[in-house]
Amino acid sequence: MYRRSVIAVWLLSIAACGEAGSTLEMAIDIYLDAGSTQCEKDGASLEQMKDQLVAVGVAFANASCGVDGKVYTAMCGSPDGNIGIFKVSPDELPAVRALGFEALANIPDARRVSCSDR
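Every number in my numbering is 187 more than the matching position in the sequence shown, counting from 1.
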């Protein structure tokens, strides 16, 4: 009896891990341009971007700062390439696009950076 219980618990734990893994594998990265410019303390913060998603009921994970990887002219007032990056379910893509978010795959040179580096 004990052996069967241990095997049953083990099988259930493996099944639960499989479900969690598949959810993460299906999630996609999205981004939003912060709208910030060089030499200024402007643009949307990561917290403000999170608030936009929460306001429309979009569940997300792994919020992080990033840069789009594009080259910009070094000049005050020019864009700086700062973005916010989030993981969402593919089902949420229409809702987040309505807010201005797009799939991170659209900008292949983008990368995550520490928010303190921005």
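The set of hints was computed from the structure by calculation and includes no laboratory data.
Computed from a predicted structure; not experimentally measured.
Check before you lean on any hint, since a few could be wrong.
[Said to hold, decoys possible] List time: in silico DMTMM-like cross-link candidates among lysine to aspartate or glutamate, alpha-carbon distance up to 20 Å:
id: 1; residue 1: 237; residue 2: 289
id: 2; residue 1: 228; residue 2: 289
id: 3; residue 1: 274; residue 2: 255
id: 4; residue 1: 237; residue 2: 278
id: 5; residue 1: 274; residue 2: 229
id: 6; residue 1: 228; residue 2: 216
id: 7; residue 1: 274; residue 2: 289
id: 8; residue 1: 228; residue 2: 278
id: 9; residue 1: 274; residue 2: 227
id: 10; residue 1: 237; residue 2: 220
id: 11; residue 1: 274; residue 2: 216
id: 12; residue 1: 257; residue 2: 279
id: 13; residue 1: 274; residue 2: 296
id: 14; residue 1: 257; residue 2: 278
id: 15; residue 1: 228; residue 2: 279
id: 16; residue 1: 257; residue 2: 234
id: 17; residue 1: 257; residue 2: 229
id: 18; residue 1: 257; residue 2: 238
id: 19; residue 1: 257; residue 2: 227
id: 20; residue 1: 228; residue 2: 267
id: 21; residue 1: 257; residue 2: 220
id: 22; residue 1: 274; residue 2: 238
For this session: Mind checking the alpha carbons of residue 274 and residue 255 for me, to see if they're no more than 20 Å apart?
Result: holds (16 Å)
For this session: Below or equal to 20 Å on CA atoms is what counts here, so check residue 274 against residue 289.
Result: At roughly 11 Å apart (the allowed maximum being 20 Å), residue 289 and residue 274 satisfy the hint.
Exercise. If you draw a straight line from the CA of residue 228 to the CA of residue 279, is it 20 Å or shorter?
Worked result: Between residue 228 and residue 279 the Cα gap is close to 30 Å, so the pair fails against 20 Å, i.e. violated.
Exercise. Taking 20 Å as the top limit, are the C-alpha atoms of residue 228 and residue 267 close enough?
Worked result: Distance of about 11 Å is within 20 Å: holds.
Exercise. Taking only the CA atoms, is the gap from residue 274 to residue 216 under or equal to 20 Å?
Worked result: Holds - the C-alpha atoms of residue 216 and residue 274 are around 5 Å apart, at most 20 Å.
For this session: With a cut-off of 20 Å on the C-alpha distance, tell me whether residue 274 and residue 296 pass.
Result: holds (17 Å)
Exercise. Are the Cα atoms of residue 257 and residue 229 separated by 20 Å or less?
Worked result: Given pair residue 257, residue 229 holds - Cα atoms ~19 Å apart, limit 20 Å.
Exercise. Holds or violated: residue 257 with residue 238, Cα cutoff 20 Å?
Worked result: Measuring from Cα to Cα gives roughly 26 Å; hence the hint is violated.
Exercise. Given the hint that residue 274 pairs with residue 229, does the C-alpha gap stay at or below 20 Å?
Worked result: violated (24 Å)
Exercise. Under the criterion that the straight-line Cα-Cα distance not exceed 20 Å, is the pair residue 228, residue 289 satisfied?
Worked result: Roughly 24 Å separates the two Cα atoms, so the pair is violated.
Exercise. Given the proposed pairing of residue 257 with residue 278, does the C-alpha separation stay at or below 20 Å?
Worked result: Given that 20 Å is the threshold and the Cα spacing comes to 28 Å, the pair is violated.
Exercise. If you draw a straight line from the CA of residue 237 to the CA of residue 289, is it 20 Å or shorter?
Worked result: With a Cα-Cα distance of about 15 Å, the restraint between residue 237 and residue 289 holds, given a limit of 20 Å.
Checked against the numbered hints given earlier, the structure breaks hints 2, 5, 6, 8, 9, 12, 14, 15, 16 and 18 and satisfies all the rest.
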